[in-house]
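Protein chains in written order, with this note's numbering: chain C, 1 to 409; chain L, 1 to 409.
Honestly, I wouldn't trust all of these hints.
Keeping only pairs whose Cα atoms sit at most 30 Å apart, straight-line, the calculated DSS-like set for lysine-lysine is [said to hold, decoys possible]: (1) C:K188 to C:K367; (2) L:K188 to L:K110; (3) C:K110 to L:K127; (4) C:K188 to C:K233; (5) C:K127 to L:K110; (6) C:K221 to C:K110.
Away from chain L, derived, C-beta distances all over 10 Å, residues of chain C [said to hold, decoys possible]: (7) R20; (8) E56; (9) R64; (10) T72; (11) M103; (12) K188; (13) L239; (14) D271; (15) E322; (16) R325; (17) N336; (18) A387; (19) A399.
Keep in mind the hints are simulated off the structure, nothing from the lab. From the three backbone atoms N, C-alpha and C, an ideal C-beta is built for every residue, glycine too.
Protein chains: 2
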Amino acid sequence: MALFVHKYGGTSVGSVERIRHVADHVMAARARGESIVVVVSAMSGETNRLIALAREAQASPDTRELDVLLSTGEQVTIALLAMALIERGCPATSYTGSQVSIMTDTSHTKARIMNIDTQPILQDLQKGKVVVVAGFQGVTRAGDITTLGRGGSDTTAVALAAALKAAECLIYTDVDGVYTTDPRIEPKARRLDRITFEEMLEMASLGSKVLQIRSVEFAGKYNVPLRVLSSFKPGEGTLISYEDDSMEKPLISGIAFNRDEAKLTILGVPDRPGIASRILGPIAEANIEVDMIVQNVAEDGTTNFTFTVNRSDYGQALAILEATRQQLEARQIESNDGIVKVSIVGVGMRSHAGIAAKMFDTLAHEKINIQMISTSEIKISVVIDEAYLELAVRALHEAFELDHPPVAS
Amino acid sequence: MALFVHKYGGTSVGSVERIRHVADHVMAARARGESIVVVVSAMSGETNRLIALAREAQASPDTRELDVLLSTGEQVTIALLAMALIERGCPATSYTGSQVSIMTDTSHTKARIMNIDTQPILQDLQKGKVVVVAGFQGVTRAGDITTLGRGGSDTTAVALAAALKAAECLIYTDVDGVYTTDPRIEPKARRLDRITFEEMLEMASLGSKVLQIRSVEFAGKYNVPLRVLSSFKPGEGTLISYEDDSMEKPLISGIAFNRDEAKLTILGVPDRPGIASRILGPIAEANIEVDMIVQNVAEDGTTNFTFTVNRSDYGQALAILEATRQQLEARQIESNDGIVKVSIVGVGMRSHAGIAAKMFDTLAHEKINIQMISTSEIKISVVIDEAYLELAVRALHEAFELDHPPVAS
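Here chain C stands alone, though its shape is the one from the complex:
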C-alpha cells in the first residue's frame, strides 16, 4: 500500500470546522487505498497568542521554556484531528514530537532533526490507522522539548516522509501550487506541474514564499518527492522532484523577485587581499544577512564593492559601512533602498546559451536600467529600480513564453 505524508498548515486547521474538512480530505485519500501519516501545524493565530503570553511572563523568554509553551499549539491540533477522524469512523492515533521520538539536537527554538523512531508509526499503519503527528516539534536525548523554528512543520513532514520512505510528501497550503511568477503581478502566471528541487530552492529564497527553504533542501537531500497543493480547492498542485527524462524542459521555469532589498556600494577601496572580509566582517557581526555581492575593479587601482541587505537592516548597515569606509580610507559610499531584485530561474539554462542575453535585451527594450547582475548555474538575478518591478516581470514572463506550457524537448 503506497504511503503518503500529508502536511496541513495553520490556515488549513484554523478552526474545528476546517479540521473536520481536513479529516474528510484524509479519509478520501485513505478510501483510495493509501496509507497516510498527517503532520499538522498549530491552529492559525495560536502560536502568536502563546508568544504574546511568553513575552508577558519574561521580556526575552527562556528558549527551553518557550519550546515547552509553543509545542502545545500543535498538540492541540493533533488531538482535535484524531478526534474528528475517529468521529467519522476512521481509526487514528496522535503523536507529539516526543512520543514519536523526533530526536533533535539541543538548539531550542531552531533545533535540527537527528533521527526519527518510525516503529510506532509503522505498527499503527499496519493496523490500518491514520497516524497524526505534531509538526514543528521534537525532543532531545535528555527528554527536553524542542521546536524546529519557522516553517518547522514542513520539515517534520519531509523528515517523516524520508524516514518512512513515503511515495510523496504532500504539503497542503493556501495556494494551489508553484507559479511561473506572482499572479498578483502577472495575471498570465501559470501553475507549474513540475519543478526541480534546485529551481524551487532558487524560487523560494528569492521570495516565492510557498515552502520553507530548509524543507526543500531536506527533501532534495533525501530524494523525497514534494507536492505543493491547496487544501481548499482540488487539483494536482506542483510536484517538486529531481529532473528526469519525462520532465518538461523549459528554458526557464519561473520569475522570482524580492522587494525587500537595499543596495550599498563603497567606492574607491584600495584593491588588496582581504578587503571583502574587512567590509563584510562588521556587517556579519551585527547579524545582518547579505544577499548579492558584486565587486569590480575600478581604473585607479581601487575597487568598488556593492552588496544588498534586507531593507529593514539598511540604516544599521549604512552606519557600519561608513565606519569601515573611514578605516579603509575609501572614497565614498553610495546607497539606495529603492531597488528590487528580479531573477529568472531554470535548469534549462544549463544547456542553453543566450538566456542572459535574452533577459538583458528584454529589459533594455523596456528601457529598464540594470544596476547589478549576479548569476548562478540555474539563475540570473538583476537589481533594478523598484518602479520597474511589474514591468520587468511581465516583460520577462512574455519573452520566455511562460504563459504557455512548454513543449517537451
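Keeping the supplied structure of chain C fixed, place chain L upon it in accordance with the hints.
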C-alpha cells in the same frame, strides 16, 4: 534544606499577572531557605475552552485524544511560571507529566498514579533550582499521555510530596483555609488551624469543597501533611495531618452540609435477606450514586428502606424504585427532594459520650424535625427539611462553641 511542594490552582494562575504573583510568592519561600517544587493547574477557563473544542471535533471525544488535548493546559502554565521565575533571576525548570515520569495506569481521563521518577527533580533541587511540574497529568508505560480527572492537580502535588518526602504539601487556593462551617451561612464560622485527615475527608465529602477527596486520601495514606491556604492573602491556613498530642482537641471540628440531596423511601418491603441489593442494584446499574442508607424493621414483618441520592438523579431514581416496588410487591413509595443533610464532624466524638444527644437536643430546641439519622465514628448526619438548613447550622455552631478556639485538653 526543608522541601515543600506548593500547588496553585487555576484561579491563582488565571493570567500572566497572577502567574508573576505566584513567582513572587515562590521566591519569598525560597528566600527563607526552602527547597520548592511547584505544581500548577491550567489557567482558569482553559480546560473548559479545550473541552468545547473537543466536543466540536467529536460528539463524545476519544479519551486518549482528550488527554493529549487537555494536558496542554498545564503545559502552558508550567512554561509561563518557569519564565516568570527566570525573569526574576530565580533558576527554574519545568516538567510535563511525561517528562518527570508521573507513571499512571491506562485509565484515560481518570488515571491513577503508580510511580514517580524523582531523580530529575532531586538533581535540579540540588542545583538550587525551583522545579515546576504540570499537575493533573501523567504518562503510561507505553508513553501515552493521561490525565487524573477532576482535582487531579491536588493529587499530583500530594503524590510528589510523598515521593520526595516533603515537609509539607501547600495547597494554595482562593479560600484561606478550612472553616468550622460555611461562613456565608454562619458569619461566626472560624478558620481551623488544624484538622485531621479523617475529619477533612468527612468535611470534603459532605460538601465543603476545599480539597479533592482523592488527594486527602492520598495524603493520609502516605502521611503527607497538607496545608490549605490562600494565594491572595497572607496567613497560615489550615494544616491537615494525623492527630497528635499537641493538637487542639475539640469535641467537634466543623459542621458540613449538603443541599443537593433527595430522599426516597420504599415502605412495607418483605423483610428477607437480599432485599437491600434488590433495591439498590438497579439504582447502581443506572450509575446513580447513593449517599445515606437507613433500614428499619417495621411491625408487620416488613421493612422500610430509605436512601438519599443527588437531587439531579431524583427523577430517574424514583422511576427505577417504582419498578422495584412492583416486583417486590412492596406497599408504597415516599419521596422528598426538599431535604438537606447536616453533619457534625470531629475526632473528639470518639472519646466523648453525649455528642449525638447534644446535637438532637439542639435541633429539638429549634423545633427542627429529624427525618433520618446516620452515624459514623467521627460524624453524625441528619436529614432535615431544607427550610431549616441555616437555622440548624447556626444553632449547632453555637451549641458546640465553634466560634471560639478550643482549649487544649
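Tested hints:
Taking the CA atoms of K188 of chain C and K367 of chain C, the gap is near 22 Å; set against the 30 Å cutoff, the hint holds. Distance check on the hinted pair: K188 of chain L and K110 of chain L sit about 38 Å apart at the alpha-carbon level, beyond 30 Å; violated. A distance of roughly 27 Å separates the Cα atoms of K110 of chain C and K127 of chain L; the hinted pair therefore holds under the 30 Å criterion. A distance of roughly 20 Å separates the Cα atoms of K188 of chain C and K233 of chain C; the hinted pair therefore holds under the 30 Å criterion.
At most 30 Å may separate the alpha-carbon atoms for a hinted pair to count; K127 of chain C and K110 of chain L meet this at roughly 27 Å. About 19 Å separates the Cα atoms of K221 of chain C and K110 of chain C, which keeps this hinted pair within 30 Å; it holds. The Cβ of R20 of chain C sits about 7 Å from the closest Cβ of chain L, inside the 10 Å cut-off, so the non-interface label is violated. Look at E56 of chain C: its CB is around 4 Å from the nearest CB on chain L, not clear of 10 Å, so calling it non-interface is violated.
Some Cβ of chain L comes within 10 Å of the Cβ of R64 of chain C; the nearest lies about 8 Å off, and the non-interface call is violated. Under the 10 Å C-beta cut-off, the non-interface status given to T72 of chain C relative to chain L is violated; the minimum distance is some 4 Å. Distance check on M103 of chain C: its Cβ is at least 14 Å (rounded) from any Cβ of chain L, clearing the 10 Å threshold; non-interface status holds. Against the 10 Å criterion, K188 of chain C stays outside the reach of chain L, whose nearest CB is about 42 Å from its own CB.
The Cβ of L239 of chain C sits about 32 Å from the closest Cβ of chain L, beyond the 10 Å cut-off, so the non-interface label holds. Interface exclusion of D271 of chain C from chain L stands, the closest Cβ pair being 51 Å apart, more than 10 Å. With a minimum CB-CB distance of about 37 Å to chain L, E322 of chain C clears the 10 Å threshold, and the non-interface call stands. Once the 10 Å rule is applied to beta carbons, R325 of chain C is consistent with being away from chain L; the minimum gap is 41 Å.
Consistency note on N336 of chain C: stated as away from chain L, and its beta-carbon is indeed over 10 Å from all of that chain's, at 42 Å minimum. With a closest Cβ-Cβ approach of about 46 Å to chain L, A387 of chain C is found to remain outside the 10 Å limit, as its non-interface label requires. Every CB of chain L is more than 10 Å from the CB of A399 of chain C (nearest about 51 Å), matching its label as outside the interface.
When the structure is compared with the earlier hints, violations turn up for hints 2, 7, 8, 9, 10 and for no others.
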